[in-house]
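Trainee: Spelled out, the chains give:
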Amino acid sequence: MSADIKELKIIEEAKKPLSMNPKKFALWLFMMSVIMLFGAWTSAYLVKRADAGWAEIILPDQFWINSVIAVLSSVTMIWAYLAAKRDNIDQLKIALALTTVLGVAFLAGQYLAYGEMVALKQHMTGSNVSHSFLWILPGVHGLHIVSGLVFLVIVLVNAFKFKIHSKSLNQLEMCATYWHFLGGLWLYLFIFLILNP
Amino acid sequence: MATTHTHTNIDVHHHDDHEHEHHEGNFWTNYIFSQDHKVIAKQFLITGIFWALFGGALSVIFRLQLGFPDMTLEWLRPLLGGWITPEGKIDPEFYLALVTMHGTIMVFFVLTAGLSGTFSNFLIPLQIGARDMASGFMNMLSYWFFFLSSVVMLSSFFIETGPAGGGWTVYPPLSALPQAIQGSGLGMTLWLVAMALFIVSTLLGGINYITTIINMRTRGMSFTRMPLTIWAFFFTAIIGLLSFPVLFAAALLLIFDRSFGTSFFLSDIYIGGEALANVGGSPILFQHLFWFLGHPEVYIVLLPALGITSEIIATNSRKPIFGYKAMIGSMLFIAILSFIVWAHHMFVTGMNPFLGSIFMLLTLIIAVPSAVKIFNYVTTLWKGNIRFTSAMLFSIGLVSFFLTGGITGIFLGNSAIDIQLHDTYFVVAHFHLVMGSASFFGMLAGIYHWFPKFFGRMMNEKLGYIHFWLTFVGVYMVFFPMHYIGIAGFPRRYYSWTNFDTFSGFTDLNTLVSVAAILTLSAQFIFLFNFFYSIFRGRKASANPWKSTTLEWTTPRNPGHGNWPGEIPAVYRWPYDYSKPGAKDDFIPQTIPYSETPESNLPHENELIKLETNGDGAIVIEGSKH
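Protein sequences appear in the order of chains A and B.
End of the first sequence sits at 197 in this note's numbering; the numbers just go up one at a time, nothing left out.
End of the second sequence sits at 626 in this note's numbering; the numbers just go up one at a time, nothing left out.
Check each hint, because a few of them may be wrong.
Listing some non-contacts, in silico: residues in chain A with all C-beta distances to chain B over 12 angstroms [to be verified]: (1) Glu13; (2) Ala14; (3) Pro17; (4) Ser19; (5) Ser43; (6) Val47; (7) Val71; (8) Trp79; (9) Ile94; (10) Leu107; (11) Gly126; (12) Val146; (13) Leu149.
Cβ pair distances, simulated, as ranges [stated by the list, open to error]: (14) B:Leu79 - A:Lys161: 42 to 48 angstroms; (15) B:Leu79 - A:Leu169: 25 to 31 angstroms; (16) B:Phe147 - A:Lys161: 42 to 48 angstroms; (17) B:Thr224 - A:Val153: 53 to 59 angstroms; (18) B:Thr224 - A:Thr125: 53 to 59 angstroms; (19) A:Thr125 - B:Phe223: 27 to 33 angstroms; (20) A:Ile194 - B:Leu79: 56 to 62 angstroms; (21) A:Lys121 - B:Gln179: 24 to 30 angstroms; (22) B:Phe147 - A:Trp54: 41 to 47 angstroms; (23) A:Val104 - B:Phe223: 57 to 63 angstroms.
By construction, these hints were calculated from the structure, which means they are not laboratory data.
Idealized CB from N, CA, C, for every residue including glycine.
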């Protein structure tokens with residue numbers, strides 16, 4: 001038996017382990033850490049809210065408009081992805097540009113919402129903790145939107161250089177994942193604030 | 001999926017060529033801003049060693065104060081300047097800064113960055129059979145964020161008000177009010193900035209570790225064939241990824257409280273009879289957020305050391321690790337539990353006693369997986385053909401500390417006993433043994449064991465023995481007496497006890513602790529000499545000096561960029577085939593297929609060969625593959 005095996009010189013094939021694109025995987029892990037960051041704050045918010053002396057917050061109406069913009073930008077992102085998949089580069093450019101514009105519009109909208117909060121005398125400092133939270137949650141989310149916009153601009157430039165098409169979708173896919181995630185994160189924060197004023 | 005993977009391989013090769021083109025003369029890309037995981041690991045190691053010495057030196061300075069309260073420290077004035085009072089004593093506020101910085105440096109800079117940063121970076125690609133980390137650039141960023149964080153933290157020693165002084169846990173309101181103590185001024189701001197940078201570094205590193213382990217394994221390296229080191233680094237990285245953002249959240253709120261006037265953690269504070277404007281905050285909230293990181297951090301520090309130990313004990317007992325899957329399971333269980341026990345640090349904050357009981361129960365359950373691990377270490381040693389290398393001695397030392405320190409954890413985890421023991425030297429003794437010394441020994445064991453792979457040379461074993469025995473005895477002499485001091489009620493972080501009748505006893509014991517601490521620190525210079533001397537003058541190592549089974553020993557003596565000169569080897573068996581009955585040698589490397597070892601195969605392993613050879617296209621003729 002053993003002699004046979006030696007003569008044949010047959011060795012078993014080692015199996016390829018399961019794996020996916022490392023960069024995409026890393027992005028998912030990064031989003032996980034962002035979830036923990038906001039999870040920590042919203043938990044702290046709930047704990048604090050249960051204490052005495054919590055002043056209920058009034059959400060700026062602008063948040064509703066911004067949420068619609070966030071959803072729209074995700075829709076245009078899906079359009080961009082589908083266009084790239086069909087190698088429709090012109091549509092891809094339009095859709096990506098639209099997404100970027102909507103992203104900027106979202107940030108501008110958040111700025112207006114801050115103005116509305118000031119008008120409602122919900123200041124970051126010197127008033128109740130609840131108001132401080134109301135500044136920090138959209139603020140840090142806004143910083144992440146800025147990072148998403150930077151990513152979007154990189155993808156947009158690559159789209160104009162014809163580097164994104166149905167055979168090279170990775171970058172666009174990652175950008176879309178991150179963008180949908182940030183949109184979803186905003187909706188989570190908004191609904192969370194509506195439910196726990 | 002297959003296409004994307006090919007793509008990455010091409011990338012690596014491309015990079016490889018690139019590196020060769022500019023190999024000569026480009027000092028900056030090869031040694032400073034390198035993207036090679038081995039160079040980055042060495043950078044973490046050297047920085048970690050620097051911080052370990054620095055943190056150790058701080059502890060000796062405050063041990064002088066505690067052990068010799070009447071001693072004049074005038075001779076330290078050239079070094080510490082104004083922090084020595086005119087009477088020749090350490091300035092009490094500087095004492096607090098010393099304690100704070102000792103804790104911060106040891107926990108984060110030495111045992112997190114120095115341990116995980118070094119060994120995860122070095123061993124993950126080498127042991128799973130990858131050319132490098134998933135993203136070399138992110139890996140490089142991880143080190144340089146850590147470096148920047150180190151610079152900021154170090155710079156706080158050179159400002160007038162001194163470094164942060166609010167304890168390594170930086171509880172507000174003390175840490176939040178610059179007017180409270182000197183150490184809450186600029187030093188605390190720098191502390192927070194340094195920690196924010198540190199968290200970025202840890203997350204960049206952790207994301208890379210997890211991605212690499214899951215996606216970059218070589219052919220045949222299934223999860224159940226991964227060495228336990230890799231499993232440990234994997235869990236560590238996951239814990240870090242989930243808990244460090246929470247510390248970041250807490251730190252950011254603290255920064256807002258300190259610098260922008262919010263009141264997340266501040267309420268009803270009077271300074272000099274004047275009420276502060278801050279109302280509505282809760283300092284307890286900070287503790288919840290902090291310890292949600294703080295407790296998992298204990299395991300971020302400990303798990304890599306346990307993984308390293310598993311590997312070293314199996315190799316040097318010439319036996320398979322006892323209970324491979326139980327080891328993985330216990331680490332997983334510890335990782336999960338680490339997230340739901342944080343409030344045992346807060347039993348005396350006035351929490352609901354019922355809640356305290358729940359946290360107590362969860363805390364005590366950790367004893368189960370911990371005991372599994374100790375049992376498995378001992379049973380691996382049992383009847384083994386033990387080789388007492390320096391690395392092995394330090395690993396056995398770790399098991400000892402993990403046991404003695406772990407047992408006091410059962411006392412402290414009890415919410416009733418904690419009322420007496422909370423914030424006493426009993427706690428100090430407990431965590432210095434179970435997490436401090438154990439992890440430190442794991443780190444040293446790892447350095448001794450993988451030094452041949454790091455630098456291609458061997459460390460001196462004789463000096464290693466002396467280093468081990470002095471350190472091992474020294475550590476017990478430092479921390480064992482602290483249990484008694486703690487049970488007697490001595491609170492930690494106190495500058496002096498001689499002012500209180502209650503605490504005027506035990507001066508002799510405190511002197512002993514201080515002497516032992518000085519001796520232990522001195523012993524580390526033996527290691528330092530051995531380390532740096534061996535890098536340049538050590539005996540040249542063979543390719544596999546410990547006769548080990550794992551993949552890193554199949555690389556050349558000094559692995560170059562890309563680790564393996566030819567194709568990456570495939571893996572056919574688990575990493576613990578030591579002293580297999582019937583085998584020619586007492587170890588079979590992971591790269592040897594079962595078909596080449598018919599004399600030692602178990603029945604089910606012979607089945608594996610048959611299965612594979614029957615499959616379509618699964619027959620590989622030797623020679624065409626290697």
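Trainee: If a hint holds in the structure, say so; if it does not, say that too.
Mentor: Now the hints, each set against the structure:
no.: 1; hint: Glu13; in the structure: 4 angstroms, violated
no.: 2; hint: Ala14; in the structure: 3 angstroms, violated
no.: 3; hint: Pro17; in the structure: 4 angstroms, violated
no.: 4; hint: Ser19; in the structure: 4 angstroms, violated
no.: 5; hint: Ser43; in the structure: 8 angstroms, violated
no.: 6; hint: Val47; in the structure: 6 angstroms, violated
no.: 7; hint: Val71; in the structure: 26 angstroms, holds
no.: 8; hint: Trp79; in the structure: 24 angstroms, holds
no.: 9; hint: Ile94; in the structure: 28 angstroms, holds
no.: 10; hint: Leu107; in the structure: 20 angstroms, holds
no.: 11; hint: Gly126; in the structure: 6 angstroms, violated
no.: 12; hint: Val146; in the structure: 16 angstroms, holds
no.: 13; hint: Leu149; in the structure: 20 angstroms, holds
no.: 14; hint: B:Leu79 - A:Lys161: 42 to 48 angstroms; in the structure: 58 angstroms, violated
no.: 15; hint: B:Leu79 - A:Leu169: 25 to 31 angstroms; in the structure: 60 angstroms, violated
no.: 16; hint: B:Phe147 - A:Lys161: 42 to 48 angstroms; in the structure: 35 angstroms, violated
no.: 17; hint: B:Thr224 - A:Val153: 53 to 59 angstroms; in the structure: 44 angstroms, violated
no.: 18; hint: B:Thr224 - A:Thr125: 53 to 59 angstroms; in the structure: 55 angstroms, holds
no.: 19; hint: A:Thr125 - B:Phe223: 27 to 33 angstroms; in the structure: 50 angstroms, violated
no.: 20; hint: A:Ile194 - B:Leu79: 56 to 62 angstroms; in the structure: 58 angstroms, holds
no.: 21; hint: A:Lys121 - B:Gln179: 24 to 30 angstroms; in the structure: 28 angstroms, holds
no.: 22; hint: B:Phe147 - A:Trp54: 41 to 47 angstroms; in the structure: 42 angstroms, holds
no.: 23; hint: A:Val104 - B:Phe223: 57 to 63 angstroms; in the structure: 44 angstroms, violated
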